[in-house]
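Whenever a hint applies, use it, and build me the whole structure from the sequences.
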Amino acid sequence: MSVGGILAHPLGRLDRESLPFWQMLQDPSRDNVINGSIASGAALMVVIGAIATIALLTKYRKWRVLWSQWLTSPDHKKIGIMYVVLAFVMLVRAALEAVVMRAQQAFGLDGGFLSPDHFAQLFSTHGTIMIFFVAMPFLTGLINYIVPLQIGTRDVVFPVLNSISLGLTAAGAALVMISLCVGEFSTGGWFGYPPYTEADFNPGVGPDYWIWALTLASLASTFTGINIAATVYRKRAPGMKLMYLPLFTWTALCASILMIFAMPPLTVATAQLALDRYLGFHYFTNALGGNVMNYVNLFWMFGHPEVYILVLPSLGVYSEVISTFSAKALFGYRSMVMATMAIAVLSFAVWLHHFFTMGQEANINAAFGIASMLIGIPTGVKIYDWMWTMVRGRVRFTVPMIYAIGFIYLFVLGGITGILLASPTIDYQVHNTVFLVAHFHNTAIPGVLFGLLAGYHFWFPKVFGFRLDERLGMVSATCWIVGFMLAFFPLYALGLMGLPRRSVSYDVPAYVPLEIAALLGAILLTVALLALVAQLWVSIRTREENRVFAGDPWDGRSLEWSVSAPPPEYNFAVIPTVTGRDAFTVAKETGRAFEPASAYVDIELPRNSALGPVLGATSFALAFGLVWHIWWLVILCLAAAVAATIAHGFARNTTRIVPAQQVRRDHRRWLDAVAAARAISRDDERTSANRGVAEPALGGAAA
Amino acid sequence: MSDAAMPDFTRRPGPAERGDDEDGEAGAQSVLVGFWLFLMSDAIIFGMVFATYVTSTAATAGGPGPHALYDIPSVALQTVLLLASSFTVGMASLALKYRHGAPRLIGWLLATLALGVAFLGLEIHDFQAMAAKGGSPSRSGFLSAFFDLVPLHGLHVAGGSIWLACLIGQMAMYGVDAPVKLGILRLVLFWHFLDIVWIAIFSVVYLAGMT
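Which chain is which? The protein sequence lines are D and S, in order. Throughout, our numbering is defined as the position within the first sequence, counted from one, plus 290. Residue 67 in our numbering sits at position 74 of the second sequence, with consecutive numbering throughout.
Read the hints as simulated data drawn from the structure, not as lab findings. One or more hints might be untrue.
[Claimed, not checked] Pulled a few chain D residues facing chain S out of the computed Cβ check, cut under 10 Å: (1) Trp312; (2) Gln313; (3) Gln316; (4) Ala519; (5) Thr521; (6) Pro555; (7) Asp566; (8) Asn587; (9) Met591; (10) Arg942.
Note that the structure is a prediction, hence the values are computed from the model and not measured. Glycine is no exception: its CB is placed at the ideal position from the N, C-alpha and C atoms.
What follows is the structure, encoded as structure tokens:
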């Protein structure tokens, strides 16, 4: 790391061998050509995607808009949208990887077409991306957009920190993407167990990409957790008691608390692994007193609460969706809140079930096994609450509702296999088989992804002011549900037949039919994804006939529906006063919804700040420099990041005023639109008659 | 950290609307709540690093252990310096609360900064002495854990010192305005937090190591 060394290797260990097609050119054997072509094709897609984005931005002269309206915006709504866009982009990559993996396994009897190393990179990136760069940004985006609206405030407590979180998450995602083009990604799975990921066995750049991508993502999530929890504690509208909070906000609060307490162990684990790899420390090495079990404990002390960080917000979405589309208050609100908190607390007491087989005594396994099974109780309470909410409700089978019902069936099944795995004796039999892969996909896809997609369909009209196409939404939801079953139910059987997870190939012909069924499922899931893209395209083209500017297309119950769609940048012209649960329903019933204010006042909003994108860019370059040992870049970026942060502290005059007159004009324009729109019944809510004003519910239905 | 959430203890008649929890003192309280949450998260980081240390005390791999490496008189002096800095930073917060004027406030802050820097100087000196005795972090799992925990605290003190210097710089430019006040309040919390962590380090690492 001397000055001479830096000058001699200005690009660190980056050279032409880092390119994905280099090995194929040097040694064009059949295997090298196939693997090189797939890797280069993927890299090409990333490069083309980046070039196309840049070209389109330049052609339509949108750079300035991108910078001043989006990247530097401290508005929680825009940050939320950017999070969800990031999640969708990453979802496409990770889903395609899943199809390649399923294809490999379908043809994996005595071989297949992928090299073991390439296959290992695929499952490592697939897991890492799906958790840290699909599910996390998606749920963070929904929370960011919806929670301040649901609690009746104008922004989060730390708007600029919010933008920094987004910048760091995007930097981590970019790091995973660029690993396709230069060098390789880790082959150590999404949890990167040492000593395999130590420099002794893995001196290449793969584990380093993984370490820094996760470090950036975990820091971002810690900040998000702090921000959202502080916002929910401190910025609720007058009268909004904690027990009046909509369920989605409750789950967001619990997930935020989990982020605050569960992200630090991951930060410590990746930092210690980095110290081992970069400076020759001995935390997890085989020699000189390293202890792998410390890593395993640290990782799962993060990893298990993380499971509930992922699933809780989705459970919140289901609560909102089922209650709204049943036109009933949520059944058992109090039990639902208690169940959410119970899950959040229990989630810290079960981490050891991820390694029952790693040598602790039976009594310890038993204690953690029992704790793991206990989680089934609050989760079961939730399932019953949702079902009772639907009973005698005015149920409409909208797209979010289809996801919710599919979820209830499938999640119960995933939960039951979870109870099976929570028993250490059974775990010993099926651990490290694809039974486990089937189990966690059975909870993650219906539990997390369906919930996030339900939220996307549910709130899209609020965010963009027009409804999504129902027909393609149905096609997509059906394909997700059926495709999921086809892709993962066979894995339960394969697991019981003994197929180890992460097998690049196998020699048991009996596996083949089930593997082919799973591949068909993966193809159906691809169709589901394509249908989502098509739906967005069609919906944008037909947006004029599906506008719901008045803002309440589903006869919504919480405050986010009480403003225009899309909401004004300051959210509420007048901060509402809350007197009960389902605040907007109460307002509609008592005739206090859509009231003009007696007086409008100036509203103070945070000014744009470049700190978020600047820290995002510098942390990306910093991490890239660390991966490739480009030390001058590391020093430069570190200095730039510190300087930018300090300079931000010296900034004053960081707010701007929206004049009362403009607030009044916007509010009146919206109220006029509400008055002009025809209120529609629940039968018509999926037709273009829906302009965002709901007929009052029939007597009794809203009870 | 928007100015919308900046404090003023004299009830700024700001443009933010009544009832909206964004004006003056309520906004400052929100920022402080957020900072407490950050400290909790940071406490978990220290907790995990403490756990690493405690599980690694036997992993000396034939290398030097606590008796050969720890310089207790120096550590005792560091403890005195850090506790004294907690006192001075506490006096700074009192100077802020009772409006003793900027010179006294800056005086207490500079004293804190001096004590913090002296602490860091001694600590770095100790680390060098340890390395000279064959106690470098790559020698054993035990030393890796030591050099995770104690320098992590030192890094926090260094960060706090830079932050403190920046706050003095802000005072020079803007006087004791609302952002500076809120910054000092958070810095004081941070500094006391680091003191508590140091007491844990002194007990768990140094005292327990000498038994």
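Return the numbers of the hints above that this structure violates; sort them in rising order. 1, 2, 3
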